[in-house]
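For reference, each letter of the sequence shown is one residue, going 0 to 253 in numbering that gives the first Met the number 0.
Derived from the structure by calculation, the hints contain no laboratory data. Note that the structure is predicted; figures quoted are calculated from it, not measured. One or more of the hints may lead you astray.
Computed list of lysine to aspartate or glutamate pairs in EDC-like fashion (alpha-carbon distance at most 20 Å, straight line) [to be verified]:
hint, residue 1, residue 2
1, K180, D100
2, K43, E31
3, K180, E149
4, K98, E31
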Amino acid sequence: MSARDRTVLIVVVVLVALGGSWMLVVSPKRQEASKLSAQVTEAKTLLATAEGELAHAHAAQSQYAKAYTSIVSLGKAVPASEELPSLIYELTQASNQKKVDFSSIVASGSGAGSGPASGPAAAAAAAAAAAGFSQMPFTFVFNGTFFDLEHLFQQLNRFTVRGASGALQVSGRLLTMQSVKLTPALASSQPATGSSRSQLLTGTITASAYVLPAAQGLTAGATPTSPTGASTPATSTTGASSSPTAPAIARVTP
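Sequences are here, hints too, so could you generate the full structure?
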């Protein structure tokens, strides 16, 4: 065998060895590396998703107290029970602020014969009716001057107002007024401070308050303490046990 043949044979053997090494070692490793790369990419995607969910959970956790307080604030507008003492308290406070005598409150027992609601609370009233809230018709009687009564009626009509942004401003019970009637005050009516008896009028309001359905709780089982143990500020669901405070703002999605 000549030197040239030996050289060719050696080259052939080396090529065969390299080919065998590629088939037996390098190619499987490349396939394994490709598979591992795909698994790493998938793991990174899962990690990014988990991190996003964790960030969302942390954001929800930080907003729990605010959300719970908003729910309780909404319960001031439409409580879970009749809360008649609270309603009387709010009416008394409002009439005292406007220098009007709160004469009487009578439960009508039926909303029959009442006209449609109007004013800023009309949209909120329609939503309350659509939600199945129980209606509580009342007749309120106040004595005062024309302008004092007007100011009082405006305040009552704005106990719960929904703004253009969708936020509800709650400062008292949701009341929808079906009718307002003004007549000269009777001789036995208590005159307002600084007003003569001849200037007094009797304002009779037919209105409705609302309560949640009997089977529906205010917070649906939620507690003031979040799942992580963070507590919310103490908030009362009625106005009868504390003095009036600044209106609460709650944002709801139509």
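Outcome of the hint check:
A C-alpha spacing of about 16 Å is found between K180 and D100, which places the hinted pair at or below 20 Å, so the restraint holds. The hinted pair formed by K43 and E31 meets the criterion: a straight-line CA distance of about 18 Å does not exceed 20 Å. Simply put, K180 and E149 have alpha-carbon atoms about 11 Å apart, close enough for the 20 Å limit, and the pair holds. Distance hint between K98 and E31 is unfulfilled; the C-alpha atoms sit about 86 Å from each other, more than 20 Å.
In this structure, the one hint that does not hold is number 4.
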